[in-house]
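There are 2 protein chains.
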Amino acid sequence: MQEIEELNQAFYNAIEAGDLDRMSEIWIEDVPGRPALCVHPGWPMLSGRSEVLRSWALIMANTTYIQFVLTDVQTTVLGDVAVVTCAENILTAADSDEPGFAAGRVVASSTYVRTPGGWRLWLYHGSPVLQSDDDEEEDQEQ
Amino acid sequence: MQEIEELNQAFYNAIEAGDLDRMSEIWIEDVPGRPALCVHPGWPMLSGRSEVLRSWALIMANTTYIQFVLTDVQTTVLGDVAVVTCAENILTAADSDEPGFAAGRVVASSTYVRTPGGWRLWLYHGSPVLQSDDDEEEDQEQ
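Chains A and B are the protein sequences, given in the same order. Residues 1 to 142 in this note's numbering are what the first sequence lists, from first letter to last. Residues 143 to 284 in this note's numbering are what the second sequence lists, from first letter to last.
The following block holds chain A by itself, in its conformation from the complex:
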């Protein structure tokens, strides 16, 4: 459990540091019928390790600054599969022509699989939270 939560944190550290090598280590190798899968917020599904890592290279190349604060982290282990769900509270540098910061919220579910070499990330699914704050507060009151 602790190993998986550390790996999940390492995933976000790799994005923050723009460390594509570390990101490559975290992602699983493709197996026929079980390619690596990744959904960035608002994107369609990317399938296969090379397509997934290319997308991370693109995102890292276009990100000046990004910081994640994770909340509601919940880890569930089911045999050789582990799922970590969390809310990503994101602070990014805005576009270079508009100085300042932008904030956003994403809900993520990440599925890790146990391999002979240790746990690896198989499926990352991040999605934008578009619901208003009012609605969220209502949810929390219930």
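This list has only true hints and no planted wrong ones.
Here are the simulated distance ranges between beta carbons:
hint: 1; chain 1: A; residue 1: Asp80; chain 2: B; residue 2: Gly259; range: 19 to 27 Å
hint: 2; chain 1: B; residue 1: Asp222; chain 2: A; residue 2: Gln74; range: 14 to 22 Å
hint: 3; chain 1: A; residue 1: Gly117; chain 2: B; residue 2: Asp222; range: 19 to 27 Å
hint: 4; chain 1: B; residue 1: Gly242; chain 2: A; residue 2: Val31; range: 40 to 48 Å
hint: 5; chain 1: A; residue 1: Thr92; chain 2: B; residue 2: Gly190; range: 26 to 34 Å
hint: 6; chain 1: A; residue 1: Asp72; chain 2: B; residue 2: Glu171; range: 18 to 26 Å
hint: 7; chain 1: A; residue 1: Arg22; chain 2: B; residue 2: Thr257; range: 31 to 39 Å
Chain B stretches covered by chain A per the calculated footprint, using a threshold of three residues with CB under 8 Å from any CB of chain A:
hint: 8; stretch: 180-189
hint: 9; stretch: 225-233
hint: 10; stretch: 243-256
These aren't lab readings, by the way, just hints derived from the structure by calculation. If you're wondering where the values come from, they're calculated on a predicted model, not measured in any experiment. Quick reminder that beta carbons are idealized off the backbone N, C-alpha and C, glycines included.
Position chain B relative to chain A; hints supplied.
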């Protein structure tokens, strides 16, 4: 594998039919530390069977007509866990004050768990595809 794909289809049939009883049968019972989890497109994470089923009741009550055409359906079984990913091509009746239909695209990952009573849906994660069609076509050309 076939059993899981049929269950995944039954999930969408239940939404189309507004059949909350069938939807209840498809979802897993909560277990301490492993509550049912659901992310509707654009929503934050809902946790626990009662909150999840309440959200489906709300959606069904507010949906006049909805039809799903699933593409890119991919099923992966890992022990007692199965993940189905697909693109939902959705046709809905527009708001009652604006007659006509609206179309949308969602990417979904659904995690099913084997229980003594059979496979049940544990985690549904749907997210809006906001990327332009041009970008998607580029992806397909690669």
